[in-house]
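**Q** Numbering (this note's numbering), first residue to last: 2 to 94.
Hints should not be assumed to be uniformly reliable.
[Stated by the list, open to error] List time: in silico SDA-like cross-link candidates among lysine to any residue, alpha-carbon distance up to 25 Å:
1. K7 x G75
2. K29 x A52
3. K54 x E20
4. K7 x L60
5. K54 x V34
6. K27 x E44
7. K58 x Y37
8. K54 x T69
9. K29 x L51
10. K54 x N73
11. K12 x L67
12. K58 x Q8
13. K27 x E59
14. K58 x S45
15. K27 x I65
16. K29 x L46
17. K12 x I77
18. K27 x S39
19. K27 x L40
20. K7 x E44
21. K29 x Q55
22. K29 x S39
23. K12 x V32
24. K29 x S10
25. K12 x Q80
26. K54 x I14
[What the hints assert, rightly or not] Simulated restraints on C-beta separations:
27. K27 x G79: 46 to 54 Å
28. S39 x L70: 35 to 43 Å
29. V57 x G79: 33 to 41 Å
30. D66 x R38: 27 to 35 Å
No wet-lab data here; the hints were simulated from the structure.
In this text the structure is predicted, and so the values were computed from the model without any measurement.
Positions of the beta carbon are idealized from the N, C-alpha and C atoms, including for glycine.
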Amino acid sequence: IEALEKQISQKNIALQQKEQELQTAKLKYEVGVIPYRSLTGTESLASAELAYKQAVKELESLRIDLVTLRANFGYITGQQVYSKLDWAQVEDN
2 IEALEKQISQ
12 KNIALQQKEQ
22 ELQTAKLKYE
32 VGVIPYRSLT
42 GTESLASAEL
52 AYKQAVKELE
62 SLRIDLVTLR
72 ANFGYITGQQ
82 VYSKLDWAQV
92 EDN
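Given only the sequences and the hints, what does the whole structure look like? Please build it.
**A** Structure (structure tokens):
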């Protein structure tokens, strides 16, 4: 569980970076420096959007895994299995 929590904090940082990269790409697109899509593999707004969405999904997946592990741990140890706080973290994003 602790290792997964560390991964989540790292993914939060990565998500913030991807969000900044997306904002930069939007600005570049608006001034005409980069295209929306690129067939040559160069920087594009679509690739920045895709990278951001992928980072969001990875973070959500880790959070869901954490909630599942906490629930299983609670069940095995006879503690509270469900906590609204666990799901609030998942629903926030």
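**Q** Keeping to a limit of 25 Å between CA atoms, is the pair of K54 and I14 held or broken?
**A** 14 Å, holds
**Q** Would the hint linking K54 and E20 be met if the CA-CA limit is 25 Å?
**A** The hint holds at about 9 Å.
**Q** What's the verdict on K7 and L60, does the C-alpha distance respect the 25 Å limit or exceed it?
**A** 12 Å, holds
**Q** Given the hinted pair K54 and T69, is their alpha-carbon gap at most 25 Å?
**A** Holds: K54 and T69 sit about 23 Å apart, inside 25 Å.
**Q** Quickly compare the C-alpha distance for K12 and I77 to 25 Å and report which way the hint goes.
**A** Judged against 25 Å, a Cα distance of about 28 Å means the pair is violated.
**Q** What's the verdict on K54 and N73, does the C-alpha distance respect the 25 Å limit or exceed it?
**A** This hinted pair is violated, its Cα atoms lying about 29 Å apart.
**Q** Per the hint of 35 to 43 Å, is the separation of the Cβ atoms of S39 and L70 within bounds?
**A** 40 Å, holds
**Q** CA of K7 to CA of G75, is that 25 Å or under?
**A** Roughly 20 Å separates the two Cα atoms, so the pair holds.
**Q** Given the hint that K12 pairs with L67, does the C-alpha gap stay at or below 25 Å?
**A** 13 Å, holds
**Q** For the pair supplied as a hint, K27 and E59, confirm whether the alpha-carbon distance does not exceed 25 Å.
**A** Cα-Cα ~22 Å, so holds.
**Q** Are the Cα atoms of K58 and S45 separated by 25 Å or less?
**A** Between K58 and S45 the Cα gap is close to 20 Å, so the pair holds against 25 Å.
**Q** Regarding the pair K27 and S39, is the alpha-carbon distance no greater than 25 Å?
**A** OK: K27 and S39 at ~14 Å, within 25 Å.
Checked against the numbered hints above, the structure violates hints 10, 15, 17, 20, 23, 24 and 25; every other hint is satisfied.
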